[in-house]
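K.L.:
Generate coordinates for the entire structure from the input sequences, incorporating the hints supplied.
Number of protein chains: 2
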Amino acid sequence: MTKRVHNFSAGPGVLPVPVLETIQRDMLSLPKAGISVLEISHRSKWYIEIYEEVQANLRKLLNIPSNYHILFLQGGANFQFSMIPINLLRGQNAPADYIVTGTWGAKAVKEAQREGEVRVLWNGKDDNFVRVPKQTELTFNSDAAYVHFTSNETIQGVEFPVEPDVGDVPLVCDMSSDFMARPFDISRYGLIYAGAQKNAGPAGATIVIIRDDLLAKIPDDLHTMLDYRIHIKKESSYNTPPVFSVYVVMLVTRWLLNDIGGLAEVAKLNHQKASLLYNLIDESGGFYVGHAQTDSRSIMNVSFNLPTPELEQTFLTEAAQHDLHTLKGHRSIGGIRASIYNAMPLESVQALRDFMIKFQAEHKT
Amino acid sequence: MTKRVHNFSAGPGVLPVPVLETIQRDMLSLPKAGISVLEISHRSKWYIEIYEEVQANLRKLLNIPSNYHILFLQGGANFQFSMIPINLLRGQNAPADYIVTGTWGAKAVKEAQREGEVRVLWNGKDDNFVRVPKQTELTFNSDAAYVHFTSNETIQGVEFPVEPDVGDVPLVCDMSSDFMARPFDISRYGLIYAGAQKNAGPAGATIVIIRDDLLAKIPDDLHTMLDYRIHIKKESSYNTPPVFSVYVVMLVTRWLLNDIGGLAEVAKLNHQKASLLYNLIDESGGFYVGHAQTDSRSIMNVSFNLPTPELEQTFLTEAAQHDLHTLKGHRSIGGIRASIYNAMPLESVQALRDFMIKFQAEHKT
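Line order of the protein sequences matches chains C and E.
If you count the first sequence from 1, position 343 lands on 343 in this note's numbering, and the numbers rise without skipping.
If you count the second sequence from 1, position 347 lands on 1347 in this note's numbering, and the numbers rise without skipping.
Treat the hints as calculated values from the structure; they're not laboratory data.
Some clues are possibly wrong.
Said to hold, decoys possible - Each computed BS3-like pair below joins lysine-lysine, with the alpha-carbon atoms no more than 30 Å apart: (1) C:45 / E:1045; (2) E:1110 / E:1125; (3) E:1358 / C:32; (4) E:1045 / C:328; (5) C:3 / E:1003; (6) C:358 / E:1045; (7) C:234 / E:1125.
Claimed, not checked - Cβ-to-Cβ under 7 Å is the rule here; a few derived chain E residues that face chain C: (8) 1005; (9) 1007; (10) 1014; (11) 1016; (12) 1026; (13) 1027; (14) 1030; (15) 1039; (16) 1076; (17) 1202; (18) 1204; (19) 1225.
Claimed, not checked - Here are a few chain C residues that sit away from chain E, every Cβ distance over 10 Å (derived from the structure): (20) 79; (21) 116; (22) 280; (23) 287; (24) 305; (25) 316; (26) 321.
All values reported here derive from a predicted model rather than from experimental measurement.
Glycine is no exception: its CB is placed at the ideal position from the N, C-alpha and C atoms.
P.N.:
Below is the structure:
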C-alpha cells in the first residue's frame, strides 16, 4: 500500500485514488490494446472511445443540451483570457463587461483590453477581494458583447453562490476552480471554461463549453488555433489533443457518475467538507479568521489567517509533521489556504480540522 | 507481464518501456512525496526538481549553450505555426522565407501569411513532396526575418540529412518528428520547436528552444500567453504548465542519457532500424516502393506503397494479425507508413521486416 499524504494543493490538485489506480493498472496497455494511453494516436479507435465517453459523461453530469459544444483545448484559463475576447470582442461594436472578484478576473480584464473596450461593472480590489457583489449592486448593459465573471476565485477563496442574472447578454464564466463541484444551469451561460487541474483532471487540458449562437460573432481570418469554430468542426482534434489529460478527465467524470452519483451528490460532500472548516473558523473566537465574507465563501478554497505571520509559519511546519501538506496561502495574500476539491476525502478535511483544534489549544495566548 | 504489440503510430508514438514502468510505479506517489505527479503544484519542490532535471538533461543531450532558452509550452507545432510569426514577423520590415517539403511546412506558411509577407523559397508540392532541396537549389535573402523549414515531414517521410546553410539569417525549424533522433548543431539555429509526442514524450507539451538575440524582434503588447518573453521570464510557469507531460519528457531524456548513451548512440540505432526497412524496399524488385527519394529518406517515418490499394489493405489486415499495428499511411498520401521513433525497439522493426518478406512471397504475382 502506497503511503499518501493529505494534499491541499490549490492546483494541480488531488485526484480520486480509484482514478489513479486505473491509470496505474493500464499504464503499459489500455485494456486489450497492447499500447499505453500515452502512445495512442488521436485518430485511433482507443482515443475516439475515450473522447466519446468524456463527451457523453459531461453532457450527462452537467445536463448539456445539443446546442452547446464541448471542447478540449490547451493553454489553461490564461489562454482563454485571450481567446475569448479575440473571438467574441474583436471587431464588435460593443464593449465587454467584466465583474472582478479576485486575481484571475483581473488578469482576464487585462487581456480583453487588448481586443476592445472593457467595462468593469464591479471590482472587489479596494476591499481586498473579500466578497462577490450582490445582484442589486450590478447594473448590466444590454449592448454588451458579453459579461464575464469568475465563479470561484482560487486565491481569495471567494465564490458566487449563484451566477448573476444578466438577461439576454451572453454570460461567460471562468469556472476553473469549481467546475463540476456543484450542479448549475448551463442554459444561463453562453460560454464556460475551466482548466482541468482542479476538479476535472491533471494540468494540460482546458474544457470550453460554448453555445452555438455565439459562433456568429467570431471574426474571419483568425489564426487557426485561435478560432473556436475550427476546434468545434474538428472535434478538438485539429491538432494533436492532450490525449492523456482528456483520458484522465474521462476517468474523473466516470468516477463522478458511477462512484459519487453525480453533481448534486458531490455538492453535498463539498458543503459538508467546507462546513467542517468554516464552522471551526467561526467558533475559534478570532484565532482563525476567514478571508472571505460569510456569504461569499468558497466551498473549494478555504483561505484564512492566524493572529501573526510567525504563527502561520509554525502552523505550516507542524501541519506537515501531521502529513497535512500544501497549505500555504498564495504569496499575494499570505496566510493559509486549504483547497478541498471534489477528490479531497472527508477524512483529510477531518484530519486538518483536528489538527487546527489541537494547534489552537497549544498556541492560543 | 503485460502483453504489448508493435506500435508504428506516427504520433503520439511509442515510448520506452522503462519510462512507462517508472510512471506506473510512481503513479500513486512520487518517491517520498505521498502525492501523485498528477497532483503536484507547479510551484512545489517536486515539480521544480523535474523541471530542473529536464532542462539540464536537454542541455546535455543537445549541447545547448546558455544563450538559448528552453521552453515547455502547449498547443503543439500547430500553435507554433502562429506564435513564431506573431513574435518574429509581425511589425518587421522584412519577409519570412519558408522551405516547404511536406504537409506541415505548408500549414506553417498559411499561418505566417497572416502576419506578414512570406516568400516560399522552395516547394516540393508539384513533385508530391518526395524530396528535400539541395543547398544549391536554394537562394537565401539576407533581408529575411527568418528562414523556416521542417527537418522531417512526418506524413511524406522526407527528412533533411542536414540543415540548410542560411548564413546569418535566423534559422527556424519545426523538428517535431525528429527532435532528439540524432545530434545537431544548435548554434546554427535561431529557434527550434517540437511537439513532444514523437520522440520526447506524450502529447501535451511543446518544446521551444530560442536564441536570446531573437527576443529583440518581438513586438510589444502581445497577448501574454503569445509572448515568448513572458514564458522565458517565468520559466514556462506563467500559467500552469503541462506538469505530467514535462515529467515524462524528463524521464525520456534520462533514458536517453543513461540507458542509450546520448544522441549519437540513438542515431546509430535509428539508422540501423531505418536501413532494415529501406534495404528491404530497395531489394523488393518494385513490390514495395518508397515514397521519398533515396537521399531524402526519413529515419523516423518510412512511407511506402504496394502495387495496389487493395493489396495495401490486405497488408494492413494481415499485419495486425501479427501484432503489427498503426501502419496505415496518412489519408493524404495513402499507402503504408512505419514510424520508428527512438523508443521503437529493433525487434519490432525486425518483426515488421520479417512480415514484409513473408507478405511479398505470398502475394507477389
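K.L.:
Next, verify each hint and record whether it holds.
P.N.:
Hint by hint, here is what the structure shows:
1. C:45 / E:1045: Roughly 38 Å between the alpha carbons, so the hint for residue 45 (chain C) and residue 1045 (chain E) is violated.
2. E:1110 / E:1125: Status holds; Cα separation ~14 Å.
3. E:1358 / C:32: 26 Å, holds
4. E:1045 / C:328: 13 Å, holds
5. C:3 / E:1003: 29 Å, holds
6. C:358 / E:1045: 28 Å, holds
7. C:234 / E:1125: 25 Å, holds
8. 1005: 4 Å, holds
9. 1007: Given a least distance of 5 Å, the restraint on residue 1007 (chain E) holds.
10. 1014: 5 Å, holds
11. 1016: 10 Å, violated
12. 1026: Check failed: Cβ of residue 1026 (chain E) comes no nearer than 9 Å to chain C, outside 7 Å.
13. 1027: 4 Å, holds
14. 1030: 10 Å, violated
15. 1039: 5 Å, holds
16. 1076: 5 Å, holds
17. 1202: 4 Å, holds
18. 1204: Holds. Min distance 4 Å.
19. 1225: 5 Å, holds
20. 79: 5 Å, violated
21. 116: With a cut-off of 10 Å, residue 116 (chain C) remains clear of chain E, as the shortest Cβ separation is near 13 Å.
22. 280: It holds; residue 280 (chain C) is separated from chain E by about 24 Å at its closest Cβ, greater than 10 Å.
23. 287: Given a closest Cβ separation of 27 Å, the condition holds.
24. 305: Given a closest Cβ separation of 20 Å, the condition holds.
25. 316: Holds, since 14 Å exceeds 10 Å.
26. 321: Consistent with the label, residue 321 (chain C) stays out of reach of chain E, its closest Cβ about 13 Å off (over 10 Å).
In terms of the numbered hints stated before, the structure departs from hints 1, 11, 12, 14, 20, listed from lowest to highest.
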